[in-house]
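Colleague: Chains A and B, in that order, give the protein sequences. Numbered by the numbering used here, the letters in the first sequence go through residues 1 to 832 in order. Numbered by the numbering used here, the letters in the second sequence go through residues 833 to 1018 in order.
I should point out that these hints are in silico values taken from the structure, not numbers from a laboratory. It is possible that part of the hints are untrue.
[What the hints assert, rightly or not] Stretch by stretch, here's where chain B covers chain A in the computed footprint (C-beta under 8 Å, at least three residues): (1) 205 to 217; (2) 305 to 315.
[Claimed, not checked] The calculated label-pair distances, taken between Cβ atoms and stated as ranges, are: (3) PRO965(B) x ALA452(A): 55 to 61 Å; (4) GLU876(B) x HIS794(A): 32 to 38 Å; (5) GLU876(B) x GLY224(A): 57 to 63 Å; (6) PRO965(B) x GLY776(A): 56 to 62 Å; (7) VAL739(A) x GLU966(B): 47 to 53 Å; (8) PRO55(A) x HIS847(B): 33 to 39 Å; (9) THR36(A) x HIS847(B): 24 to 30 Å; (10) GLU876(B) x GLY426(A): 29 to 35 Å; (11) GLY879(B) x ARG773(A): 57 to 63 Å; (12) GLY857(B) x ASP626(A): 21 to 27 Å; (13) PRO504(A) x PRO965(B): 33 to 39 Å.
Even for Gly, the Cβ is constructed at its ideal location relative to N, Cα and C.
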Amino acid sequence: MTAVEDPTSTASAPEKLVGQARLRKEDARLITGDTTWTDNMTLPGMLHLSVLRSPVAHARITHLDVSGALDSPNVLAVFTGRDFAEEQGSLPCAWPVTPDMVNPGHPSIAVEEVNHVGEAVAIIVGRTKVAAQDAVEKIDVDYEPLPVVLDMEEAVKDGSPLVHDHTSSNTSYHFVFDAGDAGTGGDTEQAFADAEVTVSRRFVQQRLIPAFMEPRSVVVQPSGDNYTMWSATQIPHILRVMAAMVTGIPEHKLRVIAPDVGGGFGGKLQVNPEEILCLLVARRLGKPVKWTETRSESLMTAHHGRDQVQFIDIAADREGNVKGLRVRLLADMGAYLRLITPGVPALGAFMFPGIYKIPAYRFECDGVFTNKVPTDAYRGAGRPEATFAIERIMDELAVELGMDPLELRRKNWINAEEFPFTTVAGLQYDSGDYGKATDQALQLLGYDELRAEQQRRRESNDPVQLGIWFSTFTEMCGLAPSRVLGSLAFGAGGWEQASIRMLPTGKVEVVTGSTPHGQGHETAWSQIVADELGVPFEDVEVLHGDTAISSRGLDTYGSRSLVVGGTAVVKAAEKVVAKARRIAAHLLEASEDDLEFTGGKFSVKGTPGAGVGIQEVALAIFAAHDYPEGIEPTIDAEATFDPVNFSFPHGTHISAMEVDTETGFVKIRKYASVDDVGTIVNPMIVEGQMHGGLAQGISQALYEEAIYDADGNLTTGTFVDYLLPSAADLPHFDTGNTVHPATSNPMGAKGVGEAGCIASTPAVVNAALDAVRHLGVSDIRMPLTPERVWRAIHGGGDGGDRATAGTNAYGGASTETSSGVSTEASSLGGDK
Amino acid sequence: MTAAAHPCNEAEDTHVPQINVRVDGTSYTDDVEPRTLLVHYLRETLGKVGTVVGCDTSNCGACTVHLDGEAVKSCTVLAVQADGSAVTTIEGIADGKTLHPMQKAFHEMHGLQCGFCTPGMIMASIDLVGDIPEPSDHEVREGIEGNLCRCTGYQNIVKAVQQAAAEMRGAGTGSAPATHEAVAQA
Ligand code: FES
Ligand code: FES
């Protein structure tokens, strides 16, 4: 994709900035080191926190002696769960997906029992970080072990030991969506009973770690009964509300600031235990405090993502018309419910039907407690899991029918002329053309040539086989219509807020409620406002991430910023222009109706030349010497936008994979994607978002997996063991776009943050399978490590668990039944 | 790298060693605990917070600086080992207001998103181009293997390094050297 340049720029048709690859404003500080990461902050008298964390997955705390730590040099205080038992409340879970969902409560610091490795047990407050850290080892704790629950399929059985002994089972909730009951589809059981062909599969969505590059960090400064919190968070607004509710600090006494934030990917969409603990300690001591995690703490205690076992059945006739879809999920909650832990798999419920016209659909999900760190949002949150399952099962169905998988898809997908289309899950898809995106992607890849090469390698029995395969996907973005969120029992709305302040010198401040952490809001919002107000791009400053400046907002996640937040900016700008028009009319002694507004200037129709610029109006109304009677002297405006529908980006991704059948090594030979993200504000930023999403989605397919051993220790707790891809591990991406504007917002933007991550995982796995299917392989569990691929080729099955005897991830025998967990219950190798 | 007393030799010694180090052109003299890592000395003692910490196992490269002209992960070097050396950080590579070609190229090629990996990535890339003035795509990818980025998927970083390499060879794109202000306004 190349920059879109608008070659024509005339006075009558000012050059639009929207659509241009403007370089980013925010880079100036990021490339020079002039950054404001939370951990950079120092305040006079600031104290440093370190956290003693549980080394065991499930145990009662029988003895806790902190005196050794208290005696350490430069240690001011040590707190345990007992010190905060009365005031710490429970970390919030904002998404009770069913009325009877069991929420065991989530203390920020353990009081009597620990439920996962890494849970906070004591907090040391030191004059320096080193002093606080040194004292961690001087605390004496005895743990009485309790049975450790790790494997979801075991955990839901009758008689399983419990994660929380005050609950009656390890099942938090049972969520059902049945299209028949909802009136959006037929009877699923009947569809399966009548079907000529059914295919059933079990897929494992391994546990992943968001692994944002900036470790989490929190600073809290008390001032009387006011508190200011800086946090490396995606959600300063939500954090403020929630922290106020949890701690009892009145909301208007709490200001939350997200300064420069180094990535999030859903991982910083959280109200973290340590954020609450920093507030509690700062309140107790009346001193500013800071906590910054180490990478090991981050991997062990920041929430994880994915971790589902998916049972999926598809029904069709012999001609390949899909008749029904049935999904049953086990979703690992971990030990507690955090902010939207239960909602992530439930959100996926609506995306399993993908881009297909399926007459009947039923979805069931059990949220299951285990003694692991909680799961929650990670790039895509529910939608990658759904997309993976549907795109994999479509291929399996094609194999079963002896049909070309692309042909099967064409037969079942929604055609361009059928939009808007209401799916069996009840969503109304806005716009798109799946065929066009697919055709473009095939071209971009050089499909025919690669297929010919595949054939040659097959025939010559080349040890390195080639596979080429697809993912044709859609996702729901632009979270979200508030009423829909309400109907799903989500604890908040999905609107977004913007305000525009016209300064006397003509400069413009845009305040947005959507807080960026790498997405380039400052640039994109400036482009939008420059177009709307006709002011120079350089004259626009975008303010965000501070609840005292941007008082209303719902923050950044779910590819919502541009779609919802950007639209709020447009609406606010429209109001500014409307207000300025009255004043301009007054100044020009003309009727408002006779004014036209182009290029930032109001002029009387038919008399070009004379006129007044909106920036001059800003000065005039600041002076306020001469303005119409009966209006307030300001042209500032604000707007809140609540979308009426989600937006539905879609695309076709094609991966060509080389699989070395002798070593099991897989390599991406070529990757092409064509995405429809609606109207594009900045193609450079869109392309960057695609690249980053692709990297993460491909990495799920090939590299990443959080593994717990049989005792519940995270064995992938450093960057040595948890494999983030480097530049050498990833291919060049060929990306392209089709544009079908969204219909739910005036800009037509659909959202791009998650697309690459959602689409790429099944494309990579499907392609690897295409390379070795003729060798009898029909599934390989993610990530496709050489070991697994080799075992699948040479031993059958799906390659089994990664934790094998002799590796540090080995914890007894391996199981074939659960994601990333080794238990003694099952045999080595994990072949099904 | 200038040799310094091995930290273990100091373990029993309560004496706090003094170091002299030149950082981004300024000389500093400080008493440092022997176990202090260079990155912590830079951030906490000198306030050079442009250099960041991304991990505790020397895997991420976010902390990369130049020690006597060579890229090092400053979390793998003790501050005492930098005694007598010159350290350059991300804050010291621009020539006054004029950005280093590598900084400019990261901006122009959109080689960063959140920017957390960027200081280390830029410092590592400058070193790479010093060794390989005209690196291929593959050589860039191998050369920055020790620096992790979670945002960009690396493709634009590779482009940025190649563009900067061209400019540093004198085969630049012809675009004028960027200044801080120009970037802010671009
Ligand atoms: S902080 Fe030095 S390599 Fe990660
Ligand atoms: S730009 Fe965010 S980690 Fe590289």
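Colleague: Decide, hint by hint, whether the structure agrees.
Modeller: Status of each hint after checking the structure:
As drawn, the stretch 205 to 217 of chain A meets chain B at 5 residues by the rule of a beta-carbon pair under 8 Å; at three or more, the given contact holds. As drawn, the stretch 305 to 315 of chain A meets chain B at 0 residues by the rule of a beta-carbon pair under 8 Å; below three, the given contact is violated. For the hinted restraint 55 to 61 Å between PRO965(B) and ALA452(A), the CB-CB distance of approximately 39 Å leaves it violated. At about 53 Å, the CB distance of GLU876(B) to HIS794(A) disagrees with the hint of 32 to 38 Å.
Checked against the hint of 57 to 63 Å, the C-beta distance between GLU876(B) and GLY224(A) comes to roughly 29 Å, which is inconsistent with it. One distance hint, 56 to 62 Å for the beta-carbon pair PRO965(B) and GLY776(A), is violated here, with the actual separation near 50 Å. At roughly 37 Å, the beta carbons of VAL739(A) and GLU966(B) sit outside the given window of 47 to 53 Å. For the pair PRO55(A) and HIS847(B), the beta carbons lie near 35 Å from each other, so the given range of 33 to 39 Å is met.
A C-beta distance of roughly 37 Å is found between THR36(A) and HIS847(B), which places it outside the suggested range of 24 to 30 Å. A hinted range of 29 to 35 Å for the beta carbons of GLU876(B) and GLY426(A) is inconsistent with their spacing of about 55 Å. Separation of GLY879(B) from ARG773(A) is about 58 Å and conforms to the stated range, judged on CB atoms against 57 to 63 Å. In this structure the supplied range 21 to 27 Å is violated for GLY857(B) paired with ASP626(A), their Cβ-Cβ distance being about 55 Å.
Take PRO504(A) and PRO965(B): their Cβ atoms lie about 51 Å apart, and the range 33 to 39 Å is violated.
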